[in-house]
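Trainee: Going down the list, the protein sequences come from chains A and B.
Numbered according to the UniProt record's numbering, the first sequence spans residues 1 to 345.
Numbered according to the UniProt record's numbering, the second sequence spans residues 1 to 345.
There could be a bad hint or two in this list.
Only some residues are given here: those of chain B computed to face chain A with a beta carbon under 7 Å [claimed, not checked]:
1. M91
2. S93
3. D201
4. V203
5. A240
Anything over 10 Å on all C-beta distances counts as not near chain A; from chain B, calculated [as the list claims (entries may be wrong)]:
6. G28
7. G46
8. S113
9. G126
10. P136
11. K146
12. D206
13. E208
14. L243
15. P260
16. D263
17. L330
These are computed hints drawn from the structure, not numbers from a lab.
Just so you know, even glycine gets a beta-carbon here, dropped at the ideal spot from N, CA and C.
2 protein chains.
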Amino acid sequence: MHALTGHTRTLQIPSPYLLFLGDVELAGFAKTALGLRDWAPEKCLGELALPTARVTTGLAAMTPAEAAAKGAKSLVIGIASVGGAIKPEWMPSLIAALEAGLNLVNGMHTRLSDQPELVAAAERLGRRLIDVRVPPANIPIGTGIKRPGKRLLTVGTDCALGKKYTALALTRAFAERGLDADFRATGQTGIMIAGGGMPMDAVVADFESGAAEILSPPAAPDHWDVIEGQGSLFHPGYAAVSLGLLHGSQPDVIVICHEPGRDVVLGCDGFAIPSIEEAIALNLTLGRRTNPAIRCAGVSLNTSALSDVDALALCAAESKRLGLPVADPLRGGEAFAALVESCLA
Amino acid sequence: MHALTGHTRTLQIPSPYLLFLGDVELAGFAKTALGLRDWAPEKCLGELALPTARVTTGLAAMTPAEAAAKGAKSLVIGIASVGGAIKPEWMPSLIAALEAGLNLVNGMHTRLSDQPELVAAAERLGRRLIDVRVPPANIPIGTGIKRPGKRLLTVGTDCALGKKYTALALTRAFAERGLDADFRATGQTGIMIAGGGMPMDAVVADFESGAAEILSPPAAPDHWDVIEGQGSLFHPGYAAVSLGLLHGSQPDVIVICHEPGRDVVLGCDGFAIPSIEEAIALNLTLGRRTNPAIRCAGVSLNTSALSDVDALALCAAESKRLGLPVADPLRGGEAFAALVESCLA
Numbered sequence: 001m002h003a004l005t006g007h008t009r010t011l012q013i014p015s016p017y018l019l020f021l022g023d024v025e026l027a028g029f030a031k032t033a034l035g036l037r038d039w040a041p042e043k044c045l046g047e048l049a050l051p052t053a054r055v056t057t058g059l060a061a062m063t064p065a066e067a068a069a070k071g072a073k074s075l076v077i078g079i080a081s082v083g084g085a086i087k088p089e090w091m092p093s094l095i096a097a098l099e100a101g102l103n104l105v106n107g108m109h110t111r112l113s114d115q116p117e118l119v120a121a122a123e124r125l126g127r128r129l130i131d132v133r134v135p136p137a138n139i140p141i142g143t144g145i146k147r148p149g150k151r152l153l154t155v156g157t158d159c160a161l162g163k164k165y166t167a168l169a170l171t172r173a174f175a176e177r178g179l180d181a182d183f184r185a186t187g188q189t190g191i192m193i194a195g196g197g198m199p200m201d202a203v204v205a206d207f208e209s210g211a212a213e214i215l216s217p218p219a220a221p222d223h224w225d226v227i228e229g230q231g232s233l234f235h236p237g238y239a240a241v242s243l244g245l246l247h248g249s250q251p252d253v254i255v256i257c258h259e260p261g262r263d264v265v266l267g268c269d270g271f272a273i274p275s276i277e278e279a280i281a282l283n284l285t286l287g288r289r290t291n292p293a294i295r296c297a298g299v300s301l302n303t304s305a306l307s308d309v310d311a312l313a314l315c316a317a318e319s320k321r322l323g324l325p326v327a328d329p330l331r332g333g334e335a336f337a338a339l340v341e342s343c344l345a
Numbered sequence: 001m002h003a004l005t006g007h008t009r010t011l012q013i014p015s016p017y018l019l020f021l022g023d024v025e026l027a028g029f030a031k032t033a034l035g036l037r038d039w040a041p042e043k044c045l046g047e048l049a050l051p052t053a054r055v056t057t058g059l060a061a062m063t064p065a066e067a068a069a070k071g072a073k074s075l076v077i078g079i080a081s082v083g084g085a086i087k088p089e090w091m092p093s094l095i096a097a098l099e100a101g102l103n104l105v106n107g108m109h110t111r112l113s114d115q116p117e118l119v120a121a122a123e124r125l126g127r128r129l130i131d132v133r134v135p136p137a138n139i140p141i142g143t144g145i146k147r148p149g150k151r152l153l154t155v156g157t158d159c160a161l162g163k164k165y166t167a168l169a170l171t172r173a174f175a176e177r178g179l180d181a182d183f184r185a186t187g188q189t190g191i192m193i194a195g196g197g198m199p200m201d202a203v204v205a206d207f208e209s210g211a212a213e214i215l216s217p218p219a220a221p222d223h224w225d226v227i228e229g230q231g232s233l234f235h236p237g238y239a240a241v242s243l244g245l246l247h248g249s250q251p252d253v254i255v256i257c258h259e260p261g262r263d264v265v266l267g268c269d270g271f272a273i274p275s276i277e278e279a280i281a282l283n284l285t286l287g288r289r290t291n292p293a294i295r296c297a298g299v300s301l302n303t304s305a306l307s308d309v310d311a312l313a314l315c316a317a318e319s320k321r322l323g324l325p326v327a328d329p330l331r332g333g334e335a336f337a338a339l340v341e342s343c344l345a
C-alpha cells in the first residue's frame, strides 16, 4: 500500500478480523462473511456465531477474547438482518468484543454510532465503532489533475453483476504476475475485504469525483490501482455515482462487466440494459474527459447461471463478436488470462 | 405551485422576506440580496442594514418588528462574509428578528443550526432556522419513471455562467405568455428566490437523481417546470451533480448556457471548455436515457462583457452557425423571443 497524500484519508479498518455470524440462518444473509473468507483470507482469524446460527464460514470458532489473544483487531458484522437493524440478540457478543479489545465494523445501513449502549462501551474501553457506509469528513472537490500510476476501473451495464469480484480477481491476477497492485474498494463489502476504501454512494454529490481522487492517490508509475466500480452510467438512479467515480478515477483501462440474460435494469422495469458496445462507447466518451488515453481492455461476463460448457462457448462467441477478450474471472482459464494480458498491454 | 407528492418535500421558505445586509461594503458580497430584489420583488418587503453597511437594495429600511408588522415571515441573510462565517456583529440583528417573530434563512456554508445562541433563541421563540444548503431527509433513490408535465433544464458548458438567470428569465417569459410555469431552484440563491427547492450539490450521490425527481413532481400536462441547472457534464469536479440532475429532471427541452470568451473550466486550468455543439450532443445523449424525446431549443449566451452592438452581432452569428435560436436572456429582444418560442414549439 502506498501512503495517502493530503489531509483527508480514506476509511481504514484495523485487521485481522473475527467474523460475526450472529443468528444467521441463510447463506444469502452472510454474504459479507463469506466474501471476506474468499477474498481476504489473510485478514480472517475465525468466526463467532450464536447457537442458533445455521451458516458457517468453515473458519475456527473462537470467542472475542480468544481472537484478541491471536491478534485480532476488529469484530466484523458479517451478516445482514432483514431491514438492516442491529438485533438485540447480537448485543452481548458485540459488547464482549469491545471488552476483549476489538473494534466493531458494520456495513449495514443502521449505524453502530447510533446505538447508545455500544457508544458508551466503546468510549469507556477506547475502541472504535466503524460504520463503513459513513464517508470521511473534509473530502475535497475533484480537480481532474492527472495523478501518476496506472488505474483500472470496472464498469457495468447495470448494478450488482460482478464489478467487485472482477476487480478483486484482476488484482489477484496482477499480483500473481509480480505486479504492485492494490484493490481500491468503493462499497461496504469491498471496503471490509480491502481493509479500507471509500463508500462512494454515501458521499455528497459535489465531492463525488474528489472522493474517487483520494481513493486512488498518486502512486509509482508502474503501480496499479484496480478500482471497484459502482452502479452504471445507464441507471436512472445511480448514474451520478458512476460518473463521479469514472471522472475521479481517471482510469487508463476499463473492463465492462455484464450479466448475459439480464434484459432490464435491476429495479427499474422500463429501462433496457444497454448493449456491451453502448456501455463501452459511453464510458470511453465520458472517461476521456479526465484521461484522454482511456481504453477498454475487454469484458467480464457473470456466467454464474450457465454450465461450464455454455459459459466457455458464450465467452468465445462474444470475444469473436466484439473483437475483445471476454471472460468470467471467477472461472479463470485461458479466456481470463487473455483478459488480464489485455489490461496490462 | 402544484402540490408535492410523496413523503419527502423539498425545502420551503416562508415569505415575504426582510433582507439583511449586515455590515456589507461591496455589492459583490450582497449578491443574494440584490438577486432577490431583482428576481423575487414580490417576496421582498424591505432591508435591514447595520450603520457600517455601504450597499443598499433600494428597498425601504425597516426594523424586524416593523417588517413583521407588515407581514414579513423570514429574515434572509442576503450577504456573504469572507470565509462564510456568521459574524458576531450580526448577532443582535438576528436575535431581534427571531424575537420579532421572523424565521432566519441562510445560504452560506456556516449553518445557523450550529450557532448555539441562535438555536436557543429559535427554540425559546418557536421560530425556524433554515439553512438552504441542507437537503431534506429521506430523499428516495431515483426511479426514472416518467412524470406528466413539461420540463426545461438549463445546462452549461461550465459552472457559473448564467444557468440560474436563464431559467428565471424563461420562467418569467413563459408566465408573460399566460403559461403555468414554475421556476425550480437547485442552488442556494435560486432557492431563496423561488421560496423553496433542492440544494442539489449537497445531496448524497446515491440520491442525486431522486432529489431531482421530487424537485419537479408530476404536474398537469401543460404545466412547465423550468429547472435551474448545476455544474457541467464536462466539469471534472461537478459532473456527477449535473448528470443526476439531468436524469432526474427528465427534461423535454434543454437550453445550453455559455459564456463567450471563457476558454478554460472555472478553477480547472487544464480543462478546455467544450464547444456548444459538444455540450448539446452529450446532454442529449445522456438525457435520452430518461426522456427519449429530449431536444435542444437553443443557446443562452452570457454577454455581460460585451457592448450591446457586439452582443447582438454575436448572438446573430452564433444562431446562423448553429441553426438554433441564440440570445442573452438578460438583454431580451427579438433574439430572446425566438429562443422562448423555440422552447415552447
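Trainee: Evaluate each hint against the coordinates.
Mentor: Hints, one by one, checked against the model:
1. M91: 27 Å, violated
2. S93: At 30 Å from the nearest chain A Cβ, B/S93 fails the 7 Å test, so the hint is violated.
3. D201: Nearest chain A Cβ about 4 Å off; hint holds.
4. V203: At about 5 Å, which falls below the 7 Å cut-off, the nearest Cβ of chain A leaves the hint on B/V203 intact, so it holds.
5. A240: With Cβ-Cβ at 3 Å, under 7 Å, it holds.
6. G28: 22 Å, holds
7. G46: 34 Å, holds
8. S113: The assertion about B/S113 holds, with a minimum of 17 Å to chain A.
9. G126: The claim stands: B/G126 keeps its Cβ more than 10 Å from every Cβ of chain A (closest is about 28 Å).
10. P136: 14 Å, holds
11. K146: Violated: least Cβ distance 8 Å, not greater than 10 Å.
12. D206: 4 Å, violated
13. E208: Non-interface label on B/E208 violated, nearest chain A Cβ at 4 Å vs cutoff 10 Å.
14. L243: 5 Å, violated
15. P260: 22 Å, holds
16. D263: 16 Å, holds
17. L330: Non-interface label stands for B/L330: nearest chain A Cβ at 27 Å, farther than 10 Å.
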